[in-house]
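Residue-level listing of the chains:
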Amino acid sequence: MAETGNAVQDNDAPLLVADDLSKSYGRLTACRDVSFALYPGEVLAIVGESGSGKSTLLQLLSAQLAPSAGGVSYRMRDGVMRDLASLGEAERRFLFRTDWGYVHQDPAQGLRMAVSAGANVGERLMAVGWNHYGRIRDAASSWLERVEIGIDRIDDEPRTYSGGMRQRLQIARNLVTEPRLVFMDEPTGGLDVSVQARLLDLMRNLVSELGLAAIVVTHDLAVARLLSHRVMVMKGGRVIETGLTDQVLDDPREPYTQLLVSSILPA
Amino acid sequence: MMTAMIDISNAQKSFVMHLQGGIELPVVRGVSFQVNPGECVVLSGPSGAGKSSILKMIFGNYRCDGGRIGIHHQGKVIDLARAEPRQVLSVRRSTIGYVSQFLRAVPRVATVDVVAEPLIANGTARAEARERAGQLLRRLNIPERLWMLPPSTFSGGEQQRVNIARGFISDLPILLLDEPTASLDAANRAVVVDLIDQKKRQGVAMVAIVHDDEIRHLIADRTVDVTSFAAAA
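Residue numbers (my numbering), protein chains in the order written: chain A, 1 to 267; chain B, 1001 to 1233.
It is possible that part of the hints are untrue.
Reference excerpt, derived from the structure (chain B facing chain A, CB under 10 Å, subset only) [what the hints assert, rightly or not]:
1. R1086
2. V1088
3. F1102
4. L1103
5. R1108
6. V1109
7. K1200
8. R1201
9. G1203
No lab work stands behind these hints: they were computed from the structure.
By construction, the Cβ of each residue, glycine as well, lies at the ideal position given by its N, Cα and C atoms.
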């Protein structure tokens, strides 16, 4: 038997590992026993309805919320796996400012609305020690270009931008430090459908060009299909089904997943 | 003895429809056949016999309830029925290509890039990938003025040819073809037959579904009758 072919060739080790993560608020359990491993370059979508626990899970994974039980470990740039709960303040800051990105549904939460677009992007670079104005401005311009924002808008404040432009600016601000992992919370949530398609196409290209790993929370199965390799379906705080994205969407097994998939309105 | 590229034994699939009172729809069972390098096996049988489902099982798009889908992948045999998602993705990147009946295009992406994408994903330089995409599009009679447009506005036959170009551009050792000639005219059907012949000479193992008898005679080295796998309870 040639069964050995299925042994996972582990020259690439996981980037992030969730181990029996749970979070409860008093008697209410928002998230229960979630375990998975995310590999470099892999895009994982977490789908489910409001209240399914997907946003709580994203906050646990990105160390913004402490779990009631279980833990998250992350492979630092030196290759050592570290428990997020045991990190010192400097290491946490390094993750948030450099190695991770966090794209909020509402760009106003991820941007500084009263400073220029260029400064919004440049700020992350200054936080990691860049101090040459010309170089910062060049890096900011080149990122604005990559996210399809005209250079003539670099000195404008994001509050003068449309929703789609703000979201693209938020992405540029996150990616300028070359993070290895990006968390996205309903990244296309508040946008018009036509704007969504453009943003999805942009995100899809950036993720594959940069080899980024990403964890994307969305209630929109079309977003999951376009962006992710793997999907986890959540209901009542638990992961009820997981697998390759097209497998779960084309051949859903659990009653709730079948309901979600069959509820998509045809275009 | 030649090593089979695809070695399926006793594969089985049914759907449980939870929204329809949990009724079980058996699809296929006891699916067993092999495909060797340079060979095109055509699945035959009436609509609803499970031909497309078998292709999807070989591609890892449908999960198997039982049996084994052995795929020769990077010098080893991997059982796709029990592979991890990452392994399935690796098999799709470097071993199995799939030409579906319909093009599922990403909005806004130019035709030439839709076709070039599988090569770029495998590390080919963008310029070279586009060059090869252009050659295939020309061969499939897609006029050059359309190459920079997204295929979403194209006719059914044009979209299918874009889909074929995208499926045939890679040098993958296994190719699955679901009705590749269904909405094509005679000239373009002949081009597809040529492309399939060329893949055979390169040693590619293929599984195809074709309803057109004439095309089937032209491409099939062997026919597997899917009705023998019918799972009707």
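Status of each hint after checking the structure:
1. R1086: For B:R1086, the interface hint holds, since the closest Cβ of chain A sits about 6 Å away, which is under 10 Å.
2. V1088: At 6 Å from the nearest chain A Cβ, B:V1088 passes the 10 Å test, so the hint holds.
3. F1102: 13 Å, violated
4. L1103: Given a least distance of 15 Å, the restraint on B:L1103 is violated.
5. R1108: Holds, because the Cβ-Cβ distance from B:R1108 to chain A comes to roughly 5 Å (cut-off 10 Å).
6. V1109: Constraint on B:V1109 satisfied, holds at 7 Å.
7. K1200: 25 Å, violated
8. R1201: 27 Å, violated
9. G1203: Nearest chain A Cβ about 20 Å off; hint violated.
In summary, the numbered hints that this structure violates are 3, 4, 7, 8 and 9.
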